[in-house]
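Asker: Residues per chain are reported as follows:
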Amino acid sequence: MLKLIQKFGAPAIVCFLFLAPILVTSNFYLHVMIMMCINVIMATSMWLLATTGLLSFGQAGFMFIGAMTSALLVKNLGWPFWVCIPLAGIIPALVALAVGRVCIHIKGAQFFMVTMAFGELVRGIFAYFRNPFGGWYGIINIPPPEPHRYFTPLNKIGFYYLGVTLMVLTCWAVYRVSRSRIGMIFWSLRESETLADSIGVNVRKHKLHAFLFAAFFAGIAGTYYAHYQSYISPLVFTVQMSLSALIFVVVGGMWSFGGPILGAATLTLVPEFFRATGVYQMLIYGVILVFAVLFMPRGIVGVLEEKVFPLLLRTRRAAINAHDQP
Amino acid sequence: MKFLETKGLTKAFGGLVAVDDLNLAVDKGEIVGVIGPNGAGKTTVFNLISGMLPCTRGKTYFNGETITGMSMHQIAERGLARTFQLPRLFGNFTVRRNMLMGLHLSAETGFWKCLFNSSKTKASESKLAARADEILEEVGLGGRKEELAYNLPHGLAKTLQVALSLGCNPALLLLDEPMTGMNMEEVQEMALLIRRLRDSRNVTFIIVEHNVRAVMGLSDRVAVLNFGKKIAEGRPSEIAQNGEVIRAYLGGTDDVA
Chain A
1 MLKLIQKFGA
11 PAIVCFLFLA
21 PILVTSNFYL
31 HVMIMMCINV
41 IMATSMWLLA
51 TTGLLSFGQA
61 GFMFIGAMTS
71 ALLVKNLGWP
81 FWVCIPLAGI
91 IPALVALAVG
101 RVCIHIKGAQ
111 FFMVTMAFGE
121 LVRGIFAYFR
131 NPFGGWYGII
141 NIPPPEPHRY
151 FTPLNKIGFY
161 YLGVTLMVLT
171 CWAVYRVSRS
181 RIGMIFWSLR
191 ESETLADSIG
201 VNVRKHKLHA
211 FLFAAFFAGI
221 AGTYYAHYQS
231 YISPLVFTVQ
241 MSLSALIFVV
251 VGGMWSFGGP
261 ILGAATLTLV
271 PEFFRATGVY
281 QMLIYGVILV
291 FAVLFMPRGI
301 VGVLEEKVFP
311 LLLRTRRAAI
321 NAHDQP
Chain B
327 MKFLETKGLT
337 KAFGGLVAVD
347 DLNLAVDKGE
357 IVGVIGPNGA
367 GKTTVFNLIS
377 GMLPCTRGKT
387 YFNGETITGM
397 SMHQIAERGL
407 ARTFQLPRLF
417 GNFTVRRNML
427 MGLHLSAETG
437 FWKCLFNSSK
447 TKASESKLAA
457 RADEILEEVG
467 LGGRKEELAY
477 NLPHGLAKTL
487 QVALSLGCNP
497 ALLLLDEPMT
507 GMNMEEVQEM
517 ALLIRRLRDS
527 RNVTFIIVEH
537 NVRAVMGLSD
547 RVAVLNFGKK
557 IAEGRPSEIA
567 QNGEVIRAYL
577 GGTDDVA
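Note that the protein sequences, when read in sequence, are chains A and B. Note that our numbering gives residue 229 to position 229 of the first sequence, counting from 1, and the numbers run on in steps of one. All you need for our numbering is the position in the second sequence, starting with 1, plus 326.
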């Protein structure tokens, strides 16, 4: 049974996602799914960085840079969206290279704060220059991807498929890296940096690579957001957004690849059930978070593995000890 | 120029001089023991040589190269590996995965190759898996491959550390208290392992130990440190009779109340 899930689980979910619009035609639910895709991309890329022991609190900053890159290139210079989408990943990665060179050796809580400062710095710069970054007013009327008739505010199916594709690509990339030797190196950095250093691991280089990786996918998420909502501003890419990414990873479960995905999906969908309660929605969200921190130290995946599926106990350290067998 | 040589190696933490003007020279294929009372600076010497700490003064030469100021992983690439006094392992990894990590320097780490799991990566990883099993068998951990490293008893944790350091094909191994906390049988096994590695792989050893009898029996030469200074050096038989060494360990007549 377990073998079946392991082999066909992911393809089954992907098939379901691609076929879902047959069942789900409401624009509202498509919107929720699209936001979920963005959150999953943010959460998984942040997870890969977290496996090295680095918790970045500035992912919203990279998202903003990616969003701004593609918004300006498409709106002001008229470049096609499909050319800009890889650029929207590469430019934040280059910024991450510059930032990382300086601060990748900083440890723990200080790194957390430095990245938070970076996120705010990005917001500050974009807010200060009205021209060309739009200042506090942001950038409006960002064109949707071509061909325009498939990507309209009234018919979100085009955006939905684009989002699912980006999400699947991101998850595939993160999964492959995490199961390869590079993933093993990342985990080893979290376990014991000094030991890794003493056996020949270039700690700085690998941490920097993880940081670039996370920045790249944050940029992709940012550009998708920009062309979907057609409006970006410094009021969108705040510390709150970086915090959300962090919460998805922690509540979902840091020890497993499925954790951040589950966390992002759950924490995007569950608040929707409480939307009918009106003003109490955020209150209930807060209660859920407190509950999660108190009673689910290993996140949702931890609870699944320890309480719900006892037969999965064997794979408790799955991600950290999973390695492609030759 | 000897295989490993330190000239005037000094480390001061503010006013405290942990290592004072150390001149140590080691030939290829030797087993050199470093002994001394607690706090003599022995582990600090290892930290300086392996690049974990920057030295205040002095130089270290290894295999003709100046390795002072290099980072730990650069020194490991050149064939100098070390173990730690308190066993440092990748605790949440299995023993086997620890060993696979130890073989990092022989591994394929190209980003795109790993992303697509190319045939080159597959071939490299299967070779490494075989080598990892081989090394684990050699040190005696063959039966415990799937155990999590933090569950290992102390003696086996130390053995695993030695196995890890073998992964980078070292020409020189710095062992920091490899026999601490072991019973007589385990001490014997460790001593035999060290001898075997020296004979079969031509690995040079510098061993810091408190088990004086074991290290005297194992070493070709012994250096004694006290308060950061080298107070004696020579064959084990000479050291055992050296008055200053005895005074350092047991105190002199003027220390008696």
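Bear in mind the hints are in silico, worked out from the structure with no lab data behind them. For each residue, glycine too, the CB sits at the ideal point set by N, CA and C. Treat the hints with care, as some may be off.
[Said to hold, decoys possible] Derived pair list, reagent style SDA-like, types lysine to any residue, alpha-carbon separation capped at 25 Å:
no.	chain 1	residue 1	chain 2	residue 2
1	A	K205	B	E512
2	A	K205	B	R404
3	B	K453	A	F8
4	B	K446	A	Q281
[To be verified] These stretches of chain A come out as covered by chain B in the derived footprint (C-beta under 8 Å, 3 or more residues):
no.	segment
5	132 to 141
6	184 to 192
Asker: Determine for every hint whether it applies to the structure shown.
Answerer: Consistency of the hints with the structure:
Distance check on the hinted pair: A/K205 and B/E512 sit about 39 Å apart at the alpha-carbon level, beyond 25 Å; violated. Distance hint between A/K205 and B/R404 is fulfilled; the C-alpha atoms sit about 18 Å from each other, no more than 25 Å. A distance of roughly 29 Å separates the Cα atoms of B/K453 and A/F8; the hinted pair therefore is violated under the 25 Å criterion. Among the hinted pairs, B/K446 with A/Q281 is inconsistent with the structure: their alpha-carbon atoms are about 52 Å apart, more than 25 Å.
Here's how the segment 132 to 141 of chain A fares: 0 of its residues keep a CB closer than 8 Å to some CB of chain B, so the rule of at least three is not met and the hint is violated. Evaluation of the coverage hint for the segment 184 to 192 of chain A: fulfilled, as 6 residues show C-beta separations to chain B shorter than 8 Å, against a requirement of three.
Of the numbered hints listed earlier, those contradicted by the structure are 1, 3, 4, 5.
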